[in-house]
Amino acid sequence: MKKLTLGLAAAFALAFAGTANAQNYPTKPITMIVPFAAGGPTDIIARIVGENMSKTLGQQVVVENVAGAGGTTGIARALTSPPDGYTIAMGHLGTFSAAPATYPGLKYDPINGMQTIGLAGGTPILIVARKNLEAKDLKEFVAYVKANPDKLNEAHAGVGSVSWTTCTLLKGQLGVPKLNAVAYRGTGPALNDLVSGQVDFMCDQIVSVAEQVKADTIKAYAIASPQRSPALPNVPTTKEAGLPEFQIEAWNGIAAPKGTPKEAVDKLVDALNKALNDEGVKKRLLDLGTVMPTAEERTPAGFAAVVKRDADKLSPILAAAPK
Amino acid sequence: MGEMISHLTLGFGVALTLQNIALCFVGCLVGTLIGVLPGVGPIATIAMLLPITFGLDPVGALIMLAGIYYGAQYGGSTTAILVNIPGEATSVVTTLDGHQMAKQGRAGVALGTAALGSFFAGCVATLVIAALGAPLTKLALLFGPAEYFSLMVMGLCFAVVLARGSILKAFCMIMLGLLLSTVGTDLETGQERMTFGFPPLSDGIDFAVLAMGVFGFAEVLRNLESPETRDVVRTKIGRLLPNWEDIKQSINPVLRGTTIGAILGILPGNGAVLGPFASYTVEKKLAKDPSRFGRGAIEGVAGPESANNAGAQTAFIPLLTLGIPPNAVMALMVGAMTIHGIIPGPQVMTKNPELFWGMIASMWIGNLMLLVINLPLVGVWVKLLQVPYRLMFPAILIFCCIGIYSVNNQPVDVAFTALFGLFGYLLIKLGFEPAPMLLGFVLGKLMEEKLRQALIISRGSFYTFIDYQNRPISLGLLIVSIIVLVIALLPAMSKKRDEVFTE
Chain A
1 MKKLTLGLAA AFALAFAGTA NAQNYPTKPI TMIVPFAAGG PTDIIARIVG
51 ENMSKTLGQQ VVVENVAGAG GTTGIARALT SPPDGYTIAM GHLGTFSAAP
101 ATYPGLKYDP INGMQTIGLA GGTPILIVAR KNLEAKDLKE FVAYVKANPD
151 KLNEAHAGVG SVSWTTCTLL KGQLGVPKLN AVAYRGTGPA LNDLVSGQVD
201 FMCDQIVSVA EQVKADTIKA YAIASPQRSP ALPNVPTTKE AGLPEFQIEA
251 WNGIAAPKGT PKEAVDKLVD ALNKALNDEG VKKRLLDLGT VMPTAEERTP
301 AGFAAVVKRD ADKLSPILAA APK
Chain B
1 MGEMISHLTL GFGVALTLQN IALCFVGCLV GTLIGVLPGV GPIATIAMLL
51 PITFGLDPVG ALIMLAGIYY GAQYGGSTTA ILVNIPGEAT SVVTTLDGHQ
101 MAKQGRAGVA LGTAALGSFF AGCVATLVIA ALGAPLTKLA LLFGPAEYFS
151 LMVMGLCFAV VLARGSILKA FCMIMLGLLL STVGTDLETG QERMTFGFPP
201 LSDGIDFAVL AMGVFGFAEV LRNLESPETR DVVRTKIGRL LPNWEDIKQS
251 INPVLRGTTI GAILGILPGN GAVLGPFASY TVEKKLAKDP SRFGRGAIEG
301 VAGPESANNA GAQTAFIPLL TLGIPPNAVM ALMVGAMTIH GIIPGPQVMT
351 KNPELFWGMI ASMWIGNLML LVINLPLVGV WVKLLQVPYR LMFPAILIFC
401 CIGIYSVNNQ PVDVAFTALF GLFGYLLIKL GFEPAPMLLG FVLGKLMEEK
451 LRQALIISRG SFYTFIDYQN RPISLGLLIV SIIVLVIALL PAMSKKRDEV
501 FTE
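Taken in sequence, the protein lines are chains A and B. Residues in the first sequence are numbered consecutively from 1, following the numbering used here. Residues in the second sequence are numbered consecutively from 1, following the numbering used here.
Hints were generated in silico from the structure; no laboratory data involved. Be aware that one or more of the hints could be misleading.
Under 7 Å between C-beta atoms, here's a sample of chain B residues computed to sit facing chain A [said to hold, decoys possible]:
1. S202
2. A331
3. Q453
4. I456
Capping the alpha-carbon separation at 20 Å, the derived lysine to aspartate or glutamate pairs in EDC-like fashion look like this [to be verified]:
5. K351(B) to D287(A)
6. K178(A) to E354(B)
7. K219(A) to E140(A)
8. K138(B) to D137(A)
9. K239(A) to D150(A)
Even glycine gets a Cβ: it sits at the ideal position worked out from N, Cα and C.
The whole structure should be built from the sequences, with the hints applied where relevant.
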């Protein structure tokens with residue numbers, strides 16, 4: 001019994017020393033909260049990157065899925081936990097840039113109230129439509145939308161989702177914010193009804209729609225990124241196709257609570273960078289259609305700038321959007 | 001035909017490697033165990049095991065994960081029969097007659113029937129996927145929001161038939177279930193409804209939380225107050241396997257259940273949950289003496305269990321042929337495939353034939369393994385009933401709590417389960433049944449979603465549901481619903497019911 005007590009005391013002392021002394025960070029597993037269900041695009045990126053980060057950090061990065069309220073439940077939990085570097089979160093465009101305008105009672109402040117670590121990857125957004133929609137290309141589609149705003153049906157994966165956020169931006173830019181929107185519980189069911197022609201178009205991440213586009217079950221008008229994607233080389237960019245102002249990417253990035261010690265932040269930034277430079281990780285991310293982040297975007301300041309840039313772009317349109 | 005044989009040869013070639021057989025076995029075993037543990041569902045387990053599969057090749061990983069999924073469907077019936085706790089929406093129906101059979105000392109027969117029925121259904125469903133997977137995909141695409149809504153209406157009419165007691169009470173419970181399903185963030189507008197500003201409610205009530213509460217916790221509470229009823233279950237063990245008489249009684253329900261389950265499983269949006277309910281309804285309607293149902297009728301276990309398993313297998317069709325997951329577990333399979341570098345889509349069958357056919361072959365092998373694992377285990381499970389209740393009840397409660405926590409990693413879910421437990425106890429005391437409420441709850445979410453999607457697409461016109469030119473399926477389903485309702489509510493019949501059922 002005495003031995004047990006001693007052992008426990010030693011374990012506690014070690015644990016305490018670990019949190020107090022950031023130099024030795026990390027001395028225990030790190031929890032990476034993914035604010036969505038397992039198996040989704042953010043979860044997949046978190047697991048691929050997290051597995052490699054574990055090797056650099058010498059401690060396991062454990063992915064914990066805390067889904068709910070468009071990802072804001074999980075991010076709120078991560079950002080309000082003790083700022084010791086042992087709880088971090090993998091969020092995305094929606095939870096970091098769009099959430100303040102979408103969720104009025106948000107429990108965290110992604111612009112001033114969090115420690116950014118770095119961008120893990122950008123996911124291009126595509127405008128896709130049912131294959132027998134009259135419009136042949138993006139120009140015709142834009143003209144068709146403007147001429148028939150009351151005829152079309154847009155599908156999205158729920159208020160606050162990436163598909164909703166990006167399509168709301170598109171509709172705002174086209175001047176048809178009230179165009180009929182049909183909400184689905186996730187991308188899967190929405191895609192199902194797009195393939196079967198129940199709805200007319202949607203905007204979504206390349207990883208979700210690329211295989212359907214390749215199989216010609218739906219058609220893609222444009223990709224809202226600066227460059228074409230190697231995953232779908234025949235799909236033009238919005239710039240090439242005549243809608244240059246529609247530029248948006250559904251990136252994923254890592255953040256920690258504000259006040260996380262600098263040593264921990266530096267080690268996390270370094271681990272993320274090493275993971276993204278790893279050939280195996282790179283190949284897996286590229287296979288998903290991911291755009292690798294620039295050196296600048298992999299730094300806390302660079303990622304913070306991305307969060308702010310997209311928040312500024314989205315906020316006015318999302319705040320005005322009919323919900 | 002020849003093509004199918006060559007495909008299956010390829011598939012079995014992949015599935016019968018030593019590594020893949022071992023993975024299939026591990027998956028089935030883990031699946032059975034988590035199915036048996038109340039609350040711990042396949043979603044949480046597959047999510048937890050995903051990282052372990054990183055080191056495997058994609059086919060092996062998917063064979064194992066698929067094994068966990070359909071293994072859990074097998075195991076889920078065990079808990080439903082032995083301790084009256086449905087781990088999944090699909091095993092709610094099994095509690096009705098399965099647990100009654102256990103109380104009568106026929107737990108072994110119920111478990112054996114469930115295992116044999118599931119095996120048969122699994123084998124047939126695997127063949128269906130192999131032979132008709134591609135053409136059946138069209139069925140999934142025929143169902144738009146309007147058709148789906150009508151299907152749910154039909155499902156709701158089945159719920160009335162589920163009732164063991166008064167139809168009025170069952171109706172109240174269905175309505176309560178529908179009401180509970182509307183708690184949370186509204187899908188179309190993003191506004192919160194009936195959450196009282198309480199954030200944990202913003203995503204609505206989880207099925208596992210509600211089911212564990214009104215079945216698991218409430219059942220424990222009820223058993224604590226009456227020592228005599230629990231002794232009945234404890235002392236009588238009876239035969240372990242069904243005899244010829246039982247099998248003869250079960251054959252037709254199994255055949256019908258398999259057909260119903262296989263068809264509903266293909267539909268998008270988790271049509272598989274309707275399978276067991278539909279099968280139970282059909283069996284009760286066809287039975288010479290419907291009053292036996294709810295009191296330990298073997299058909300009420302054989303049919304729904306077959307439907308459940310057939311649906312679990314055919315749910316792979318939209319995933320494998322369209323690349324679109326029909327339910328949450330399949331969405332997780334998409335994630336698993338993607339992590340392994342195979343992005344599911346309509347071309348998986350042609351681009352990765354070894355994966356497609358390997359998985360199908362492994363499902364058949366998996367079903368055989370499940371039978372081999374489960375039949376000898378029947379004796380072990382039944383012996384569990386002899387565990388003293390002072391040990392069993394705390395264990396059930398602890399497993400429920402772990403299971404609930406594992407769903408969302410939210411402690412508040414466990415507290416909610418306890419609350420629903422008290423509520424469920426109250427229901428039992430007042431003579432209301434929880435099963436129709438759970439069906440209302442499951443269908444409510446889908447129904448509201450599909451109703452509003454259909455109406456948004458039709459610009460608010462209800463004609464879309466009975467538009468016989470464009471949507472004959474929707475109209476047909478609604479007509480069936482009306483027929484079911486009329487039969488259930490016909491004065492003469494309900495009078496007979498009342499005589500039989502209410503004291």
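Hints, one by one, checked against the model:
For the restraint placing S202(B) at the interface with chain A, the shortest Cβ-Cβ distance is roughly 5 Å, inside the 7 Å limit, so the hint holds. The criterion of a C-beta within 7 Å of any C-beta in chain A is met by A331(B), whose closest approach is roughly 5 Å, and the hint holds. At about 5 Å, the closest approach between the beta carbon of Q453(B) and any beta carbon in chain A falls short of 7 Å, and the interface hint on this residue holds. The restraint placing I456(B) at the interface with chain A holds, with a minimum CB-CB distance near 5 Å, inside the 7 Å limit.
The hinted pair formed by K351(B) and D287(A) meets the criterion: a straight-line CA distance of about 15 Å does not exceed 20 Å. Distance check on the hinted pair: K178(A) and E354(B) sit about 47 Å apart at the alpha-carbon level, beyond 20 Å; violated. Using a Cα cut-off of 20 Å, the hinted pair K219(A) and E140(A) holds, with the two alpha carbons roughly 14 Å apart. Simply put, K138(B) and D137(A) have alpha-carbon atoms about 27 Å apart, too far for the 20 Å limit, and the pair is violated.
For the proposed pair K239(A) and D150(A), the alpha carbon gap of about 26 Å is over 20 Å, so the pair is violated.
The structure fails to meet hints 6, 8 and 9 from the earlier list, while all remaining hints are met.
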